[in-house]
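**Student:** Sequence:
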Amino acid sequence: MKFIRLPIRWKIIILSFGIVLFSLLIGGIIITGKIVDMREEELGNRAMITARTVAELPEVQMQIQKKDGADVINPIVEKIRVINNADYIVVLNMDHYRYSHPVYGLIGTKSAGKDEGPAFADHTYISKAKGDLGIAVRAFMPVKNAQLEQVGVVIVGNILPGYLEILQSLKAQAALIMFLTLLFGLLGSWMLARHIKHQMFQLEPHEIVRMYEESTAAFHAMHEGVIAVDVKENITIFNEKAKSIFQVEGSLTGKPIRSVIPDTRLPEIIQFGKPVYNQEINVSGKIIMSNRIPIKDNHNVIGAVAIFQDRTEVAKMAEELTGVKAFVEALRIQNHEHLNKLHTIAGLIQLDKGERALQYVFDISEQQKSLTRFVTKNIKNDSIAGLLISKVSRGKELKINVVIDSLSRLEELPYPLNEHDIVMILGNLIENSIHALNESDSPDKHIDISIEQDSEICALLVEDNGPGIPEHIQPYIFDKGVTTKGEKGLGLGLYLVKEIVDKGKGDIKLSSYPNGGTSFYITFPMNGRRHS
Numbered sequence: 000m001k002f003i004r005l006p007i008r009w010k011i012i013i014l015s016f017g018i019v020l021f022s023l024l025i026g027g028i029i030i031t032g033k034i035v036d037m038r039e040e041e042l043g044n045r046a047m048i049t050a051r052t053v054a055e056l057p058e059v060q061m062q063i064q065k066k067d068g069a070d071v072i073n074p075i076v077e078k079i080r081v082i083n084n085a086d087y088i089v090v091l092n093m094d095h096y097r098y099s100h101p102v103y104g105l106i107g108t109k110s111a112g113k114d115e116g117p118a119f120a121d122h123t124y125i126s127k128a129k130g131d132l133g134i135a136v137r138a139f140m141p142v143k144n145a146q147l148e149q150v151g152v153v154i155v156g157n158i159l160p161g162y163l164e165i166l167q168s169l170k171a172q173a174a175l176i177m178f179l180t181l182l183f184g185l186l187g188s189w190m191l192a193r194h195i196k197h198q199m200f201q202l203e204p205h206e207i208v209r210m211y212e213e214s215t216a217a218f219h220a221m222h223e224g225v226i227a228v229d230v231k232e233n234i235t236i237f238n239e240k241a242k243s244i245f246q247v248e249g250s251l252t253g254k255p256i257r258s259v260i261p262d263t264r265l266p267e268i269i270q271f272g273k274p275v276y277n278q279e280i281n282v283s284g285k286i287i288m289s290n291r292i293p294i295k296d297n298h299n300v301i302g303a304v305a306i307f308q309d310r311t312e313v314a315k316m317a318e319e320l321t322g323v324k325a326f327v328e329a330l331r332i333q334n335h336e337h338l339n340k341l342h343t344i345a346g347l348i349q350l351d352k353g354e355r356a357l358q359y360v361f362d363i364s365e366q367q368k369s370l371t372r373f374v375t376k377n378i379k380n381d382s383i384a385g386l387l388i389s390k391v392s393r394g395k396e397l398k399i400n401v402v403i404d405s406l407s408r409l410e411e412l413p414y415p416l417n418e419h420d421i422v423m424i425l426g427n428l429i430e431n432s433i434h435a436l437n438e439s440d441s442p443d444k445h446i447d448i449s450i451e452q453d454s455e456i457c458a459l460l461v462e463d464n465g466p467g468i469p470e471h472i473q474p475y476i477f478d479k480g481v482t483t484k485g486e487k488g489l490g491l492g493l494y495l496v497k498e499i500v501d502k503g504k505g506d507i508k509l510s511s512y513p514n515g516g517t518s519f520y521i522t523f524p525m526n527g528r529r530h531s
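Read in order, the letters of the sequence shown correspond to residues 0 to 531 in numbering that gives the first Met the number 0.
Among these hints, one or two may not hold up.
Listed below are the simulated BS3-like cross-link pairs for lysine-lysine, each with C-alpha atoms no more than 27 Å apart in a straight line [unchecked claim]:
| id | residue 1 | residue 2 |
| --- | --- | --- |
| 1 | Lys127 | Lys66 |
| 2 | Lys254 | Lys295 |
| 3 | Lys129 | Lys113 |
| 4 | Lys502 | Lys479 |
| 5 | Lys395 | Lys379 |
| 6 | Lys127 | Lys65 |
| 7 | Lys78 | Lys65 |
| 8 | Lys113 | Lys66 |
| 9 | Lys65 | Lys113 |
| 10 | Lys395 | Lys376 |
| 11 | Lys65 | Lys33 |
| 12 | Lys240 | Lys273 |
| 13 | Lys113 | Lys127 |
| 14 | Lys127 | Lys78 |
| 15 | Lys109 | Lys127 |
| 16 | Lys109 | Lys78 |
| 17 | Lys109 | Lys143 |
| 18 | Lys78 | Lys33 |
| 19 | Lys295 | Lys240 |
| 20 | Lys508 | Lys479 |
| 21 | Lys479 | Lys504 |
| 22 | Lys497 | Lys508 |
| 23 | Lys242 | Lys254 |
| 24 | Lys295 | Lys273 |
| 25 | Lys33 | Lys109 |
For each label pair, taking beta carbons as the anchor points, the in silico distance ranges come out as [what the hints assert, rightly or not]:
| id | residue 1 | residue 2 | range |
| --- | --- | --- | --- |
| 26 | Lys295 | Asp453 | 43 to 53 Å |
| 27 | Leu182 | Lys295 | 35 to 45 Å |
| 28 | Lys78 | Ile34 | 24 to 34 Å |
| 29 | Leu20 | Lys143 | 55 to 65 Å |
| 30 | Pro117 | Asn144 | 16 to 26 Å |
| 31 | Ile301 | Glu410 | 48 to 58 Å |
| 32 | Tyr276 | Val247 | 36 to 46 Å |
| 33 | Glu451 | Asp478 | 40 to 50 Å |
| 34 | Asn290 | Glu451 | 30 to 40 Å |
| 35 | Met61 | Ile25 | 27 to 37 Å |
| 36 | Asp478 | Ser250 | 17 to 27 Å |
| 37 | Leu370 | Lys484 | 25 to 35 Å |
Think of the hints as simulated: they come from the structure by calculation, not from any bench.
The C-beta atom is built at its ideal place from N, Cα and C for all residues, glycine as well.
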């Protein structure tokens, strides 16, 4: 059997319309019951007024004590019954004999009603009893003579209308109410369905389910970690890669992000509503490269998503690429330097100055050994030591005197930095100085490098005697895209340096003057905690 799949709009209309009908039915039952209660109260009050009227008639008070009093009482009471639209009025003497009744044949007979007892004890009350004509509301009123002695009882009864009778009397109003209710219910259902359909981007539920399953599968298949939260900071997405990076397991959807990972900095994005791209942050002891973006609906922030990658992997790849590049550059410089030295030696030999050539070989060999011994002894990291040696050689090639302070030493790296970070800082700063000096006409070009370290502080200094950084650029020199190299520059070097300084909770000071050179002085706390 094939079922017809209705569009979501019609499902909503049918459901809403059914709710309206059900509500109308329940409301009708409640209202009808309320009308019955009101009708009962009204009939009871009216019966009591009629009973009091009859009981206070002098004729009734006098004739009720006579045997043939019914001949006088019954005609009077019947007129009052008709006038007051009562279903029946019964007058009883103290012996329970009827002196009036709508059924003439019952006059003079004894009444045996179960609810009449209190009335003969001088009580006034209203009761409800079931009789031959249906359920009646009956009012009981004692009859007293001039001496205020009870001489009888007046009973006035009004038959309660049934539910169908009440509905029949209200059919015009009920029909109007039903018509208006159904009309506005149908209109409201259609408007609700239209609104919901619009909120669902005109998609059917099965389409939304399919899209959700596809997007969930895509998130879990991504190589990057993905975490998303709603405006209440509860997790909505936590893909498998993110679980692997932060070593968490189980279903995390719906949990507060701060209780799972307190330092994702996603709540900041919800608070300020601005994206942050390509920022390196420390999360749960891991250094990650993060893009954090607010999720908006009609310019209102409804959540945030973070896409990140464990920087350990990125750093390894970067180190490999940087190492290859540095190795190629070092080989090129070394090859060029050796060719120059060979040409010098060959020239001395051709001039028949063999001793001078031999002394030259000894001198340059001793210089290279001295530099290598000093750097390897004082700089315990091979990558940083290799960088410094290559920069000294590159300076010689460009006729720039690159000097490493004789007191420089580096035993260990400041937490949480790695060798790639220090190589990135020194490499960028030295290359910037080389570029600045290449543009200078000064005959004396030099770059001074110093690395100092104790148990608390690691300090790096790179300064040159170049043309300096223009004053109007200095406040923005660490911003992404800002460069002094014109079209050749990308404006990334100092931006990356500042990112690493922030990562290590360090401090960077720039001093630069027109034609007075530039110096960068960077300090890092060895324990990874910023000093106040």
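**Student:** Tell me the hint numbers this structure goes against, listed in increasing order.
**Tutor:** Numbers 1, 6, 11, 18, 25, 32, 33, 35 and 36, in rising order.
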